[in-house]
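Asker: So the protein lines, in turn, are chains Y and F. Each residue of the first sequence is one higher than the one before, counting from 1 in my numbering. Each residue of the second sequence is one higher than the one before, counting from 1 in my numbering.
Accuracy of the hints is not assured; some may be wrong.
As the list claims (entries may be wrong) - Computed footprint of chain F on chain Y; a stretch qualifies when at least three of its residues, placed anywhere within it, have a C-beta under 8 Å from a C-beta of chain F: (1) 32-45; (2) 50-63; (3) 85-97.
Note that these hints are calculated values from the structure, not bench results. Yeah, the Cβ is synthetic: ideal placement off N, Cα and C, and Gly gets one too.
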Amino acid sequence: QKEVEQNSGPLSVPEGAIASLNCTYSDRVSQSFFWYRQYSGKSPELIMSIYSNGDKEDGRFTAQLNKASQYVSLLIRDSQPSDSATYLCAVREATAGNKLTFGGGTRVLVKP
Amino acid sequence: DAGITQSPRHKVTETGTPVTLRCHQTENHRYMYWYRQDPGHGLRLIHYSYGVKDTDKGEVSDGYSVSRSKTEDFLLTLESATSSQTSVYFCAISGRDTLYNYGYTFGSGTRLTVV
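Make the full structure from the sequences, and use the hints.
Answerer: In structure tokens, the structure reads:
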């Protein structure tokens with residue numbers, strides 16, 4: 001059973017600070033990794049994808065991947081109250097079907 | 001979401017009745033998926049499709065069946081609804097079949113309550 005683990009939180013951060021979210025995965029051959037944001041009562045929306053070791057930046061978001069440690073993280077800089085949501089880590093399975101396995105999500109609360 | 005719609009958005013049904021949820025896409029994507037989301041379990045794959053009439057099971061497929069007779073439609077049927085199937089159901093689509101794909105686009109979800 002492939003597993004994707006996240007701390008459920010809540011992760012409470014003051015406005016303007018950096019939120020750091022972590023995700024570990026069990027399938028060593030996984031190649032593609034995604035971060036989704038989900039507001040309460042809404043559907044997940046893709047915010048970042050990363051495929052290579054290292055950092056990938058997009059606006060206030062930075063994804064970090066370390067395949068040797070089977071670890072992927074998401075940094076949210078200059079956190080805003082609108083960033084308050086649940087963040088889901090997803091890992092593409094190394095099998096046919098383009099299937100994603102999701103972690104349980106980390107709830108982030110940004111306090112003004 | 002643009003390009004993918006789910007219906008109905010909400011449904012209350014009785015135990016033992018069959019229920020069908022519909023996912024419709026206008027993106028002409030090859031892959032379609034049904035997930036359920038429950039507190040403490042996150043998103044779990046029920047079934048997926050990789051083409052017309054081509055479907056396969058996910059990790060929580062018991063009690064569910066699917067059909068895809070057209071590229072744009074993917075139906076999820078609860079053959080005899082049980083209270084354990086009370087959940088939020090999400091459909092997702094994905095158009096890339098390469099290593100470096102762009103993830104999924106999700107529909108708005110269907111909140112199903114089995115009483």
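Asker: Which earlier hints can't be squared with this structure?
Answerer: Going through the list in order, the structure violates hint 2 alone and respects the others.
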